Amino acid sequence: MLSELEKKILNSLNENARKSFRQVAKEVGTSTTAVYNNVKKLEKKGVLRGYFPDIDEEKVGYTQFAIIALRIDQRKLTEVESKLVKYPQIRAIYDITGDWDCILVCYFKSREELDNFLKEQLAIPHVERVITHIVLNVVKDDKKTHIS
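If you're matching positions, the sequence shown starts at 46 in this note's numbering and goes up one per residue.
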């Protein structure tokens with residue numbers, strides 16, 4: 046469980062991870078030392094895993110966003126996923142319930158790159174079926190975890 050202070054610190058850093066400990070302390074109503082100690086504790090516990098920029102993919106050339114569902118031979122799921130994690134186009138891999146076994150969240154620089162990825166990289170043994178959804182518009186993509 047997180048303390049109320051830890052929650053406040055995490056929410057403050059969620060808004061801008063580049064804030065100084067002094068700014069966070071002022072915002073949450075505690076000392077700079079308390080913020081520093083809590084952040085270090087959260088990092089050590091693995092709660093706070095890093096500080097990442099929020100990059101607009103389109104502005105850096107990634108114009109094709111796809112959600113790809115895979116049906117995989119259940120005896121080979123881990124083996125297939127260990128191959129998939131190596132592809133830089135894949136931002137996230139989720140094991141899911143239902144008719145499909147995993148979902149890939151992917152970004153590509155062009156339709157051709159997406160097409161090649163589907164034909165070459167996903168043509169691996171034990172992938173039984175692939176369905177691709179091309180994202181037309183992103184309505185919400187909040188990468189922040191709001192702590193309550």
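Simulated from the structure, these hints should not be mistaken for laboratory data. The structure presented is a predicted model; accordingly, all values stated were derived computationally and were not measured. Warning: the hint list may mix true and false statements.
To be verified - Below 25 angstroms or equal to it, Euclidean Cα-Cα: the simulated DSS-like pairs (lysine-lysine) are: (1) Lys189 / Lys85; (2) Lys154 / Lys90; (3) Lys53 / Lys188; (4) Lys104 / Lys89; (5) Lys104 / Lys52; (6) Lys128 / Lys86; (7) Lys71 / Lys85; (8) Lys189 / Lys53; (9) Lys185 / Lys164; (10) Lys86 / Lys52; (11) Lys104 / Lys53; (12) Lys89 / Lys71; (13) Lys131 / Lys164; (14) Lys131 / Lys104; (15) Lys164 / Lys188.
Hint-by-hint comparison with the structure:
Using a Cα cut-off of 25 angstroms, the hinted pair Lys189 and Lys85 holds, with the two alpha carbons roughly 20 angstroms apart. Taken as a hint, the Lys154 and Lys90 pair is broken in the structure, with Cα atoms around 37 angstroms apart against an allowance of 25 angstroms. Between Lys53 and Lys188, the direct Cα distance comes to roughly 17 angstroms. Compliance with the 25 angstroms bound is thereby established for this hinted pair. Taking the CA atoms of Lys104 and Lys89, the gap is near 34 angstroms; set against the 25 angstroms cutoff, the hint is violated.
Between Lys104 and Lys52 the CA atoms are separated by roughly 32 angstroms; this puts the pair beyond 25 angstroms, and the hint is violated. For the proposed pair Lys128 and Lys86, the alpha carbon gap of about 34 angstroms is over 25 angstroms, so the pair is violated. A distance of roughly 18 angstroms separates the Cα atoms of Lys71 and Lys85; the hinted pair therefore holds under the 25 angstroms criterion. At roughly 14 angstroms between alpha-carbon atoms, Lys189 and Lys53 fall within 25 angstroms of each other, so this suggested pair holds.
At most 25 angstroms may separate the alpha-carbon atoms for a hinted pair to count; Lys185 and Lys164 exceed this at roughly 29 angstroms. Between the alpha carbons of Lys86 and Lys52 the distance comes to roughly 13 angstroms, so the proposed pair stays at or under 25 angstroms and holds. At most 25 angstroms may separate the alpha-carbon atoms for a hinted pair to count; Lys104 and Lys53 exceed this at roughly 32 angstroms. The straight-line distance between the Cα atoms of Lys89 and Lys71 is roughly 23 angstroms, inside the 25 angstroms bound, and the hint therefore holds.
With a C-alpha separation of about 17 angstroms, the suggested pair Lys131 and Lys164 falls inside the 25 angstroms cut-off, and the hint holds. Proximity of Lys131 to Lys104 is assessed by CA-CA distance (about 24 angstroms); at most 25 angstroms being required, the pair is judged to hold. Among the hinted pairs, Lys164 with Lys188 is inconsistent with the structure: their alpha-carbon atoms are about 30 angstroms apart, more than 25 angstroms.
In the structure shown, a violation is registered for the earlier hints numbered 2, 4, 5, 6, 9, 11 and 15, in ascending order.
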